[in-house]
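Work the whole structure out from these sequences, hints included.
Each residue of the sequence shown is one higher than the last, beginning at 7 in our numbering.
Hints in this document: simulated from the structure, not taken from any laboratory. Among the hints, a few may not be true.
As the list claims (entries may be wrong) - Simulated crosslink set (SDA-like; lysine to any residue; CA at most 20 Å straight-line):
id	residue 1	residue 2
1	Lys-354	Asn-589
2	Lys-463	Gly-473
3	Lys-379	Leu-397
4	Lys-977	Arg-876
5	Lys-868	Asp-826
6	Lys-760	Asp-730
As the list claims (entries may be wrong) - Derived CB-CB ranges, DEER-like:
id	residue 1	residue 2	range
7	Asn-185	Asn-319	31 to 37 Å
8	Arg-978	Glu-666	46 to 52 Å
9	Arg-978	Ser-532	43 to 49 Å
10	Ser-532	Gly-473	28 to 34 Å
11	Gly-711	Thr-410	51 to 57 Å
12	Lys-553	Glu-32	38 to 44 Å
Note that the structure is predicted; figures quoted are calculated from it, not measured. All residues carry an ideal CB built from backbone N, CA and C; glycine is no exception.
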Amino acid sequence: MNDYEFSDSKLYDVNLITADPFPDIECEYYDEEKFNNSKMIKAGFSVIHLNSRSMNSNFSKITDYLKRLNGQFSIIAVSETWLNEENKNNFQIDGYELHYVNRSSKRGGGVALFADSEIRCKIKDTMSTTVEGVMEMITIEVLSEKSRNIVVSCVYRTPGSNLELFTEKLIELIKMSKNKTLFLCGDFNIDLGTQIDLNGMFVDTMCSLGFFPLISKPTRITTHSATIIDNIFTNITDGEVLSGLFKIDISDHLPVFAIYKNHQKIITVPVPTKKVFNMSKKNLDKLKNDLCQQNWNNVYVDDVHRAYDEFMNILGVLYKRHCMTTNFVKKDAVDKPWMTKGLRNACKKKNNLYSSFLMLKTKEAEDRYKKYKNKLTWIIRKHKKEYYTDLLTKSNGDTKAIWTVIHSVSTKHTIKSGIATHFLKENTEIYDRNEIANEFNHYYVNVGPRLAAQIPKDDSDVTQKIGSCPNSIFLGETDEKEILSIVNKMADKKSKDWVNMDMKFVKEIMSYVIKPFTYICNLSFSSGKFPDAMKIAKVIPIYKNGKKCMFSNYRPISLLPQFSKILEKLFVNRLDTFIDKNNILSSSQYGFRAKNSTSMALMELIEHITNAIDQKQYSASIYVDLKKAFDTIDHSILLKKLIKYGIRGPALQWISSYLENRKQFVQVHDTRSEFCEITCGVPQGSVLGPKLFILYVNDLVNVSGFFKCILFADDTTFFCQGNDIKGMLKEMKIEFMQIHKWFKLNKLSLNLDKTNYMLFTRRQRIVNTPFKVDGVEICRVSEVKFLGVIIDEKLSWKSHLNYLRTKLAKSIAVLYKVRDFLNDHALFMLYNALIVPHLVYCVEVWGKACYTSIKSVFVLQKRAIRVIARKHGKYPTNTLFCNLRFLKFNDLVDYNILLVMYKAHLKTLPLNIQKKFEKRESGYNLKGTQIFKKPKFRTCLKERCTSIQGVKLWNDLQNDVKNAKSLHMFKRMLKIVFLKKYEIV
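Right under this line is the structure:
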């Protein structure tokens, strides 16, 4: 729109320093077109600073604008990020590495630097800090070749803070960058355009140290003021520096930038390439046609290793021939799909109106700009909603397609946090990708052996607590039907193994290779050998937390061969049948077992604790933490135990072969490390590994007659009860020493620093009595997180409910953000995905907490219901629950408790839980049939347990619902019972 012509003349003239040492530097205002035509960003090292006024509010504006610029800034500095510990990782820019410093208390503030991932840089901890109530500062050092390194800092000064203190601290920090090129950018909240003495003193101080401002035009303009509070200071004297401001309304501050012209000596890392396979229908059809014509005779040999190698050679050649690999090339940024040519032109008009306001600074110009901006925002939202509505309509009820749309709307600005450009090895920085990948691999494969080496050798019999099973497992042959059934049930994951195949591809071609693969599986079982090529794992390091330059702060994700997962599943099916038939696994083990769950494990624990309290006894529980439990399993010990459990002959040989000669490599981008052999532990990410682990620890429950034990894989707790607190604690210490001895004997490393205990009692003033194991104090705690639920010593569930409320509030925020762009069905699905899982997780255990604690959860649920129904905050929710067919929280609790009771009725609960429920045997019953005996209780704590509440709810349930033919039918009928109550209200 040409309503106003924007002049490039100076808007606000100032003389920042008496003698300008950079007369050639011209600071100008740029619009998008002018900047892109200049191509100046390609001239050298570049820095842009933006005051975001909350990343949560304006991050999309920042990234959208940067994508429209011709070129990529080396460093993106952002002040007033308003990040905190909960959302700090939610904002990533593709192709950049994020570094940040958040305000330690209060809301607001915070600074961040996004460094181009192709640049070698490191964070300078000594120049990254927060001074409460004064400033936040983040600094990185960019490595240069044959010249001084470049230090880039982003600073935010708190408005109204002590300027002298800020200046003093800032000088102290920037002096640490001596003999280096420095760019100091940020929102200083110091107007360099005024003649105030303190402001002048700040500039004079900076200039005396050789640092000069590059921005001489106002960065924050209103109808009544124009201030230069955002700036970039530098000490460059040996090159040309270009600087300017962008005329864009991302926030009420204009972005500022500087370009160090002709500086081309920055050390960069190679741009990662990615091999991709074209899995189009056309290519797959060609591949399938060739597979149909293939001669598999070379596969039918007696050696399983050779047979599988021939199988993969044939498949691999055809795979590469028809699904050709190409190098992944990053595409140029494109507009969002709902942005039409007309909307883009409207955005340009809006920007022109904003430029006019910046020049005129009148109320009329501001009103014209804001009116047009608000109308444009409404139109863009309308187009966005229509776009997503159209996508959802085209999905035709396809759940997968609907979820693709939902994710594109609701996903936060997160990108998988990449691997750092450099790492520390013995205080030496390493940048070479090959060296980094190899160091990762050496670190991972040595975790288990290193921990095992710290455990004193003990030649005691590791199987002394295990009874010998008289029966032995038999590995029956498989057939094509069983294999296809297993493959069809596997998830369509796209994570590729070491030969670049994913499960989605395997499912596509399985029926074409089923005959030779069935032969390989049967040959493997009969020979007791696991193919060597199935033992190779590709490991991807995933950042957890802490310093990104430390190898220990990355979690290894192992990707095993797709065909090995199928063979493992065939073995596990036979192993499970044998284990169940011979009752080998302890009833205290709830992990990786059918019909068992975390809620069942927690239910047993809480039932025991409340029983003790109900009997006026004391109860204690010890929560054990193991170091890298799956990685430290000793193979020889495992095999000895398996023999006792009846895994002998070919099955034992098969497992032995499965464990030996395993290798892995670590992949960093497209760089693969050398192969390293794995000498202990069970394969992470495998199907069989968890089963072997629970067999390995199965005899732990037999170590102590004093403790009872609950296990969920490597999550373990021991609990006891007694009439005398001193006697109980004394016995607890003695018995735990026996447990610790068992861990040592079995080469499992107990993390004593994270092992603690809790006391449960209604009595007051229990003296803390810590005890030591190997010199480490085992402390008493008031609460602990076990299997995802926070248990407190009063069993009030207040801490868990606080945790739950936080989770729900975040999910509701997502619902609120996307409700204008999704239709009702999509919002319904999103509610079930974001809200319901939090409400129902182990709710049978904690859902009957006191009403005052539970009420706040129901309030949040009602808020979520109003959001997806697009109703105001005080709209009555009873009708909404009825129309949407959602259960209210209290009814969700009863619903899930009754699901447990239905399983108790069918006697399909885990043994230790099933024992809690006993049917009433009577020839007649006036209250109906299928009645459970009512357990006696004394305390309110016991009354809230499933064993009491469940019986009460079940006995009051109508008979036709109790007699439902299946769990699915029971769920449907039960939901109708609850929904009918809402119609009456």
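Going down the list of hints, with the structure as the test:
no., hint, result
1, Lys-354 to Asn-589, "violated (73 Å)"
2, Lys-463 to Gly-473, "violated (24 Å)"
3, Lys-379 to Leu-397, "violated (27 Å)"
4, Lys-977 to Arg-876, "violated (28 Å)"
5, Lys-868 to Asp-826, "holds (19 Å)"
6, Lys-760 to Asp-730, "violated (27 Å)"
7, Asn-185 to Asn-319: 31 to 37 Å, "violated (58 Å)"
8, Arg-978 to Glu-666: 46 to 52 Å, "holds (50 Å)"
9, Arg-978 to Ser-532: 43 to 49 Å, "holds (47 Å)"
10, Ser-532 to Gly-473: 28 to 34 Å, "holds (29 Å)"
11, Gly-711 to Thr-410: 51 to 57 Å, "holds (55 Å)"
12, Lys-553 to Glu-32: 38 to 44 Å, "holds (41 Å)"
Checked against the numbered hints above, the structure violates hints 1, 2, 3, 4, 6, 7; every other hint is satisfied.
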